[in-house]
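The chain contents come next:
Protein chains: 2
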Amino acid sequence: MAGTNSERTLIAEGPAIILVHPQLGENIGMVARAMANFGLAELRLVNPRDGWPSEKAISAASKADHVIAAATVFPSLEAAIADLEFVYATTARDRYGYKEVRSPVVASDDLRTRFRAGQKTGILFGRERTGLTNEEIALADELVTFPVNPAFASLNLAQAVLLMSYEWMKSGLSSVEVTPFSALPQRPAQKEELQGLFDHVEETLDARGYFRPAEKKPKLVENLRAILTRPSFTGTEIQVLRGVISCLDRFTRESPRGAANPNRTRNRRPKVPRDID
Amino acid sequence: MAGTNSERTLIAEGPAIILVHPQLGENIGMVARAMANFGLAELRLVNPRDGWPSEKAISAASKADHVIAAATVFPSLEAAIADLEFVYATTARDRYGYKEVRSPVVASDDLRTRFRAGQKTGILFGRERTGLTNEEIALADELVTFPVNPAFASLNLAQAVLLMSYEWMKSGLSSVEVTPFSALPQRPAQKEELQGLFDHVEETLDARGYFRPAEKKPKLVENLRAILTRPSFTGTEIQVLRGVISCLDRFTRESPRGAANPNRTRNRRPKVPRDID
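Residue numbers (the working numbering), protein chains in the order written: chain A, 1 to 277; chain B, 1 to 277.
In isolation and in its complexed conformation, chain A is listed as follows (with noise of 0.2 angstroms):
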């Protein structure tokens, strides 16, 4: 989706995301711009299949060049989380294990308050096919999991860092309402303008006999006035409203033959409920 603005600053802060040996350079490609997405900068790869640099990693980053060209390579797991302080492993399967499993919303708040307090984290993501074997998960401190689908839980690489990285945003927001703009803001209608529609439209009405049998005015009127009411109109949409009925009223007006055979209009669209209680 479009949207990107150069001009603003770029985020580049946050945990490491670390990919133990990953396989495809399509892959860690795409990893680096779901991080450039959500503010993350720090990518270390732990022994990549196909080699560093990777020009179809280049390619599938789409632009996120500060990623890529940032990015370290490890020969171990243990060196590339040596001076980190906290570490999570991700998992889609259930390790049976002792270590604290937590959701990505609690993670990614746990990693903003480690952020804050100075401490250098990461986030390990396994290989393509196969995960994290026990081995790389027991270097973790805690264990992070996704709330998938169970007959359907395997996540592309790039896309469980995605999410991990989605939530590392949200976890710097002061609250998940927020949106990074919103509508224009406008002015409700006052009462005496919704009142001038209610005569506007009942006055049209009445010159066309839509409130007959007399007596069944008042409930007419009432119907009309609730619907009229309910979308809290502001006081732009009633002036439009009152030059949409100014316009019909003139038409019909100037045309004896609507005025007089209004059955015409009946047969060309579905009959209007009038009374709806």
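Quick caveat, the hints were computed from the structure, so don't treat them as lab data.
A couple of the hints might just be wrong.
Remember, identical chains collapse to one label, so a pair may be satisfied in a single copy or spanning two.
Stated by the list, open to error - For lysine to any residue, the following SDA-like pairs were computed, each having C-alpha atoms within a straight-line distance of at most 25 angstroms:
1) Lys-99 with Phe-86
2) Lys-63 with Gln-23
3) Lys-99 with Glu-193
4) Lys-216 with Arg-230
5) Lys-99 with Ser-182
6) Lys-120 with Arg-230
7) Lys-99 with Gly-243
8) Lys-99 with Gln-239
9) Lys-99 with Ala-183
10) Lys-63 with Glu-26
11) Lys-191 with Glu-100
12) Lys-63 with Glu-128
13) Lys-56 with Ala-70
14) Lys-191 with Ser-232
15) Lys-120 with Glu-42
16) Lys-56 with Leu-10
17) Lys-219 with Leu-248
Assemble chain B onto chain A, guided by the hints.
Relative to the frame of chain A, chain B by itself:
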């Protein structure tokens, strides 16, 4: 990542995912996989550029066959949403319009509420390069946008679908802390076991002259106990630790040379601080 269990129930419900003029079959396939990962199943395609069905989509779907097989093609967005009662449009750009803009969490909670009330809903995703047009946006009820890095906001189509699918799944959980599996339960050590560890360690160290000079002993014991108390050891861990101490103790006492010359050990390892305050 591994972990699919095909014997478990396949979750397949919730809002329709509607791709408006998607370009690449690979992306449609990855969308299907992302949907399946998080329990969504209804895929609608508005004028896919390279036609439908698509071999590339099937291949990229990575066995999300039920989503691909059930996908339906529509000639227009209007037709694709005709039977829906509420529609969100995803956008990375501020449209400077009056439609409400929601975060993925808020939109997903709303979709879940509507789902439980029996409403049919959908989420629109635009073409890969340019997203949704303003005319397409106008057909939606509200907007959803992701909290991306402003300087790197361009999400891949399948990744945008993945994030909404993931939030949809999360909206069905009782809490954001829920994980599909957890650490095995462990019994915290009783204080008696911990005291047994203190005694064991202190006796062993005393035999080697650790607590010298004698006036320092109370402080050194206090430090040791603070360290041993902090990790909230489990009963099993206390047993393991006592096994370790017994093993070290046996080795040294059976080797008079080592006992007579404690500096040998000290020279092979970095000097361990004993007095920590």
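Checked hints:
1. Lys-99 with Phe-86: within (13 angstroms within a copy, 42 angstroms between copies)
2. Lys-63 with Gln-23: both (21 angstroms within a copy, 20 angstroms between copies)
3. Lys-99 with Glu-193: For Lys-99 and Glu-193, the Cα distance is within 25 angstroms only across copies (22 angstroms; inside one copy 63 angstroms).
4. Lys-216 with Arg-230: So Lys-216 and Arg-230 pass the 25 angstroms test inside one copy only (22 angstroms; across, 80 angstroms).
5. Lys-99 with Ser-182: Between. Shortest inter-copy distance 8 angstroms satisfies the 25 angstroms Cα cut-off; intra-copy 41 angstroms does not.
6. Lys-120 with Arg-230: between (53 angstroms within a copy, 22 angstroms between copies)
7. Lys-99 with Gly-243: Between copies only: 21 angstroms across, 67 angstroms inside.
8. Lys-99 with Gln-239: between (63 angstroms within a copy, 18 angstroms between copies)
9. Lys-99 with Ala-183: between (44 angstroms within a copy, 6 angstroms between copies)
10. Lys-63 with Glu-26: both (13 angstroms within a copy, 20 angstroms between copies)
11. Lys-191 with Glu-100: between (57 angstroms within a copy, 23 angstroms between copies)
12. Lys-63 with Glu-128: both (23 angstroms within a copy, 16 angstroms between copies)
13. Lys-56 with Ala-70: For Lys-56 and Ala-70, the Cα distance is within 25 angstroms only inside one copy (16 angstroms; across copies 33 angstroms).
14. Lys-191 with Ser-232: within (10 angstroms within a copy, 64 angstroms between copies)
15. Lys-120 with Glu-42: For Lys-120 and Glu-42, only the intra-copy Cα distance (11 angstroms) is at most 25 angstroms; the inter-copy one is 42 angstroms.
16. Lys-56 with Leu-10: Result: close within a single copy only, 24 angstroms intra versus 34 angstroms inter.
17. Lys-219 with Leu-248: within (24 angstroms within a copy, 93 angstroms between copies)
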